[in-house]
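J.: Mind docking chain B with the ligands on chain A? Use the hints.
In the order they appear, the protein sequences are chains A and B.
Numbers 384 to 979, taken from the working numbering, label the letters of the first sequence in order.
Numbers 158 to 550, taken from the working numbering, label the letters of the second sequence in order.
It should be emphasised that the hints constitute simulated quantities derived from the structure, not laboratory data.
Just so we're clear, the structure is a prediction, and the values are computed from it rather than from any experiment.
Check before you lean on any hint, since a few could be wrong.
Derived pair list, reagent style BS3-like, types lysine-lysine, alpha-carbon separation capped at 25 angstroms [claimed, not checked]:
#, chain 1, residue 1, chain 2, residue 2
1, A, K410, B, K334
2, A, K885, A, K865
3, B, K545, B, K502
4, A, K470, B, K221
5, A, K400, B, K346
6, A, K400, B, K502
7, A, K464, B, K334
8, B, K334, A, K563
9, B, K502, A, K516
Here is what each chain is made of, one letter per residue.
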Amino acid sequence: MSEIINLTIDNVPVSVKEGTTILEAAKKINVRIPTLCYHQDLCVAGNCRVCVVEQKGADRLLPSCAMPVSEGMEILTNSLKARNARKHMIELLVSEHRADCTRCYKNGNCELQELSSEYIIGEDGFIDLIPYKEYTIDHYSPSIIKDDSKCIRCQRCVRTCNELQKIGALAVAYKGKDMKISTFFEKPMFEVVCTNCGQCINRCPTGALTEKTYIDRVWAEINHEDKHVVVQTAPAVRVALGEALGMEPGEIVTGKLVAALRRLGFDSVLDTDFTADLTIIEEGNELLQRLKKALVDKDPDVRLPLTTSCSPGWVKFIEHAFPEYLDNVSTAKSPQQMFGALAKTFYAKKIKVAPENIVSISIMPCTAKKYEADRPEMRSSGYKDVDYVLTTRELALMIRQAGIDFASLPDDDYDSIMGESSGAGVIFGATGGVMEAALRTAYEIVTGREVPFKNLNITPVRGMEGVREATIKIEDPLPEWKFLDGVELKCCVAHGLANAKKVMDAVKAGTVGYHFIEIMACPGGCLGGGGQPIPTNEEIREKRTAAIYREDENKPIRKSHENPEVIRLYKEFLKEPLGEISHKLLHTHYRARNRY
Amino acid sequence: MANKKLKRLDLVFKDEKDTESVLKKTFSRSNADVINDLISSGLKGRGGAGFPTGLKWKLTADAKGDEKYVICNADEGEPGTFKDREILSKVPHKVLAGMAICGRVTGAKKGFIYLRGEYRFLLPGLNEEIEKFHKLLEKLDCRFRVEVFTGSGAYICGEESALFESMEGKRGEPRNKPPFPTTSGYRGKPTVINNVETLAHTYSIFKYGPEKFQDLGVQDSRGSKVFSVSGDTPNPGIYELEFGMTLQKFVDDFGDGDTKAVQVGGASGFCVPRKKFGKTIIGYQGRLQGESLPTGGSMMIFNSSRSMYNVLHNYLDFFVEESCGQCTPCRVGTQQLLLGIEAVKKGERSSSYLDKLLELAETMRVTAKCGLGQSVANSFASIVENFKEEMIY
Ligand SMILES: Cc1cc2nc3c(=O)[nH]c(=O)nc-3n(C[C@H](O)[C@H](O)[C@H](O)COP(=O)(O)O)c2cc1C
Ligand code: SF4
Ligand code: SF4
Ligand code: SF4
Ligand code: SF4
Ligand code: FES
Chain A
384 MSEIINLTID
394 NVPVSVKEGT
404 TILEAAKKIN
414 VRIPTLCYHQ
424 DLCVAGNCRV
434 CVVEQKGADR
444 LLPSCAMPVS
454 EGMEILTNSL
464 KARNARKHMI
474 ELLVSEHRAD
484 CTRCYKNGNC
494 ELQELSSEYI
504 IGEDGFIDLI
514 PYKEYTIDHY
524 SPSIIKDDSK
534 CIRCQRCVRT
544 CNELQKIGAL
554 AVAYKGKDMK
564 ISTFFEKPMF
574 EVVCTNCGQC
584 INRCPTGALT
594 EKTYIDRVWA
604 EINHEDKHVV
614 VQTAPAVRVA
624 LGEALGMEPG
634 EIVTGKLVAA
644 LRRLGFDSVL
654 DTDFTADLTI
664 IEEGNELLQR
674 LKKALVDKDP
684 DVRLPLTTSC
694 SPGWVKFIEH
704 AFPEYLDNVS
714 TAKSPQQMFG
724 ALAKTFYAKK
734 IKVAPENIVS
744 ISIMPCTAKK
754 YEADRPEMRS
764 SGYKDVDYVL
774 TTRELALMIR
784 QAGIDFASLP
794 DDDYDSIMGE
804 SSGAGVIFGA
814 TGGVMEAALR
824 TAYEIVTGRE
834 VPFKNLNITP
844 VRGMEGVREA
854 TIKIEDPLPE
864 WKFLDGVELK
874 CCVAHGLANA
884 KKVMDAVKAG
894 TVGYHFIEIM
904 ACPGGCLGGG
914 GQPIPTNEEI
924 REKRTAAIYR
934 EDENKPIRKS
944 HENPEVIRLY
954 KEFLKEPLGE
964 ISHKLLHTHY
974 RARNRY
Chain B
158 MANKKLKRLD
168 LVFKDEKDTE
178 SVLKKTFSRS
188 NADVINDLIS
198 SGLKGRGGAG
208 FPTGLKWKLT
218 ADAKGDEKYV
228 ICNADEGEPG
238 TFKDREILSK
248 VPHKVLAGMA
258 ICGRVTGAKK
268 GFIYLRGEYR
278 FLLPGLNEEI
288 EKFHKLLEKL
298 DCRFRVEVFT
308 GSGAYICGEE
318 SALFESMEGK
328 RGEPRNKPPF
338 PTTSGYRGKP
348 TVINNVETLA
358 HTYSIFKYGP
368 EKFQDLGVQD
378 SRGSKVFSVS
388 GDTPNPGIYE
398 LEFGMTLQKF
408 VDDFGDGDTK
418 AVQVGGASGF
428 CVPRKKFGKT
438 IIGYQGRLQG
448 ESLPTGGSMM
458 IFNSSRSMYN
468 VLHNYLDFFV
478 EESCGQCTPC
488 RVGTQQLLLG
498 IEAVKKGERS
508 SSYLDKLLEL
518 AETMRVTAKC
528 GLGQSVANSF
538 ASIVENFKEE
548 MIY
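With the rest of the complex left out, here is chain B:
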């Protein structure tokens, strides 16, 4: 192989100091044009669910309401993931600009950054940045204002409706949907909620135009993506790569030569075994049937020394604790999956009990109230089905 390295991109992290001209240029255009640019760029939410960003803004712009909000989701609770932290500390002005433009086109006057509790150390820098940004907005005669809200620490508060509840001073529990945030979000008002990275991308789209973004990636997955690479790799860290590579290429670049599996998308994502590396494309259509995958971008590499039973056990431990506990399939289901694989491992239940657990995981996927419970089946089924022996012996 000539060059095993994937091309590193620098779209998100490039420290461009031209916020003023980007804002000026964008503010001078019609709202419809701005939204259409975003739609044609093909940008999809980087927070996990992959909802088309332009459409989200349009729905909120069309929603009736005198009060609207823009919220930047910086809760980043996925273990081993810290891309949003990097973006907020290196290029916060891009995120702020994205929020202000969003406010402009949707009619929102107020923006919040929901900052993960553990990221409180970013506050001083961030507030300074916001102050500067407000001055710039004043100069441009824009009344949009941004405030930071520090989260409580629970993983589930990254889920958009639980995040609103938490901001409203209530217990962080996901709401029923519909209604969706675009019509009824924070304080029941139309709200755009976007991931940090998503907002940073909008900056590039408004600066360079949608075509440049379109040129990157494949089919339904356009642009670049910031990945958090961790696990058995000589080069852990944050990487901005083009969407659409195969997992094989990724492993060739980042693996340690002995990669057995890769967990794409963190605890709520899918585990891909070696034999499927070549066929798996990183991007939205590569995520099997996945939807609602929290905090996209986590790539965890496992080499052959790892016990996949332990990997799954860790994930289930995480869910058993981090479920908000509200709905039956998730609260009780996660406990059953965890105790279930333990019982099989110890020989207290026969290996056929795994089939009952797979059925349960499928039920959780179709009945749970929010993305957390719905996506437990992703890692559970992909690990149990691909590494059955390791579950039993």
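Just chain A, with the same shape it has in the complex:
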């Protein structure tokens, strides 16, 4: 069906498939057309009109992002008519915008700012509309700040929340001059179904949606003499931080990350990957226990499938949307919160610092983690287990503020204990990673043998497909797991909440017989998290993914249960998986929330 269409763009001939837009065709010949409402991850809106181009012989200009090519078209992307119109669009957007860039969080990283400097929007523009407008700045959420006065109404956030996440927390309200992006009944973000995933932030071209930053508080803690500041770094940070500091997507910067944190003045530089390994031990045992209860004890109350719990956006989503399935969610805390609970108990004792003098900071690819750390359930050490959460972006900012030349930093190693991790802990950062890590361990517990995949790479659970399924047959298990002989373990992996919803709808409809489901709220998993460097798109996420799997393969230890520090932790402190201390520190519970 797809025919080849021939056209010229800026007098350069180009041939593309039928249905290609002018914008895509232009990209093919390296002609950049400015855009604002367009985003590769989203459906086309065509509302900013910044991308207009001239078609020879046509009266009206064409929105290149929305207009498919046609045979013989002669497109001029930079004719005077197109330029003038484009400049008008930028001037208009700026006139409706509280453009105080020097005070703005997105200063230097803003698509509107970039375009207005490119087109030199002078002083004698249109009338400033901001004094005529009412706007609100919502900073009640622990994760997100929404500032209407910085919004250009491109609806990227609305499309993100509706299409990628199927949450619908953001919608267009009112019309005409009052049109704006709003929440249900204009409530603050923290009172509605918003999961704090931050995907909208990642796609907002301006400073209208940003993370709530805690940089200054962290600086203050670092410089507080009596405080011992402990920092943990999530798996996905190390494959993305470089992007925010001038490096190419897909570079692994683990060693530099550790070095930079030490330079910034953190007292202990530790790794969330360590507690990722720990999560696998607890959650893996939980899965096996549930399977035993279901298959041997025939306990009617046991809930399967078990779902993962490490993505706080997913957890809040299920609390809102499928509260009847809360008992299916693993009670194991996320690695961040396991770390926090241990930092002020086990670790504090180890380094002989009073827990009230420990400040626990985490560096996360995620904005929902800020909210997770604030949950009232997350105080099992007797203190706030994680005091402050910074995103990858915030850390990059701190590194720049400190004048550190990141690229030239020598590699450094994590402190011990709680700094060691296996490759299984690293791949938590990619969709499918928790599943793979869990299978590497659970299979071995049950059979005494390694998972039957070449190089331990369980490729069926990897990839970018929204929902993936895999079945692993358990054969010839150890005597105590005899009941699992011949059982086909049915696994499912989903990323992005739209896909999570699909899976849960299927579970609810009873059309699938999964035992274990991994769900990550963000596209690509944590490496595509709402706190990661901007921009994001499929290509960038794939490069980060490749980096994560490289990091895994480079690790001498690939399985969580072989992490020597984890083994030591059980021996010295926790005693056994799912034991009494684990229950107190490492497990949690959930609560039903309303559906809007």
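T.: Same frame as chain A, now just chain B with the ligands:
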């Protein structure tokens, strides 16, 4: 002047009770013949954009799709316009017959009347009429059915793609085009959307044949047209007139003797000053370069007591509120035009700022996503250019 009166026509409103024979006659012919009649009649859409109706039906008939729809646009949101309301309350069977024939030739089984929210009072009568009509269709072994959908009240929902969105339960925002309704309309299916008056005209064409329709009007503007006359006139109301008269003739008939300007086509139309009355012909080629003029048929007369600044201010107020707010040129542009003429009037900006605003209006015309934003420039430029003094002093 011998007779200042323009001839009143009675093609649309004549209450003919022969729906059955018209349907029978038309159903017995081939689809291609029916469409060809419509094409040769020269009928163009009366909803404003003036798209040839026969071609629209043909494109939809040719479009692939197992499901197709016929939609009668009765959103009539243009202030001061109520011709569609009159047609629906006086001769609804003509509109229904037009829809059924359209369904027959395009392959659509289902029709909707998108009724403006404020016209809800028409519902009981209309539903009764539809019930009668369904019985007739059953008798003729035709499976086409019509349903009324009551609109939400926003002006923009009269724009065809926003209308589909609204019918689909979404926010009434115009879509990108292409794809056009003929291939992807309501629920993404091939759809004919026609104005109430357009459909009523098709009835006459199928009854009397295309020649009779052809005989009326001039060149590209054939047939009669229903006008809503308002403003400074002793005779406001609905009039069916022949296409192709000059504005001078119209003013001689309807003006109060002191007419300074006429706004042709409502807020999105053009303002014609007295000196151009003689040269302006009412019909498609009379509309300067106009296209996409929502709800054609509004004729608003202004006498010399009117401030054209106030007239323009009112129009801009309307657009500032009624824009869906989706696209930059329209949402922000309308606010800038409004505040801009205020600033010039108050002396906060020099009169040369009007030139910047005219350039902006032109940009809006060539960049806005739908007819609303595209046509703001019509009234803006025609009023500012013809009544510049009134804008400044
Ligand atoms: C802002 C706007 C409002 C419109 N409102 C109406 C309306 O109320 N009724 C109508 O028939 N067409 C309206 N139109 C035109 C429709 O989009 C469409 O062109 C028309 O219904 C097609 O029917 P026709 O071909 O019979 O004219 C409007 C267009 C725009 C841009
Ligand atoms: S959002 Fe962008 S343009 Fe607006 S103030 Fe911030 S940096 Fe400047
Ligand atoms: S943070 Fe996530 S859930 Fe909340 S509004 Fe943004 S995209 Fe929607
Ligand atoms: S909040 Fe950001 S993404 Fe959403 S419409 Fe405004 S500018 Fe666009
Ligand atoms: S031109 Fe106006 S009404 Fe039309 S889509 Fe744009 S903002 Fe909405
Ligand atoms: S990028 Fe094309 S209209 Fe916004």
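J.: Could you run down the list of hints and mark each one as holding or not?
T.: Results of checking the hints against the structure:
1. A:K410 x B:K334: holds, 22 angstroms
2. A:K885 x A:K865: It is violated: about 34 angstroms lies between the C-alpha atoms, which goes past 25 angstroms.
3. B:K545 x B:K502: It holds: about 11 angstroms lies between the C-alpha atoms, which stays within 25 angstroms.
4. A:K470 x B:K221: With a Cα-Cα distance of about 41 angstroms, the restraint between K470 of chain A and K221 of chain B is violated, given a limit of 25 angstroms.
5. A:K400 x B:K346: holds, 24 angstroms
6. A:K400 x B:K502: Violated - the C-alpha atoms of K502 of chain B and K400 of chain A are around 53 angstroms apart, more than 25 angstroms.
7. A:K464 x B:K334: holds, 21 angstroms
8. B:K334 x A:K563: With Cα atoms ~24 angstroms apart, K334 of chain B and K563 of chain A stay inside 25 angstroms; holds.
9. B:K502 x A:K516: Holds, because 21 angstroms separates the two Cα atoms, which is no more than 25 angstroms.
In summary, the structure is inconsistent with hints 2, 4 and 6 from the numbered list given earlier, while agreeing with the others.
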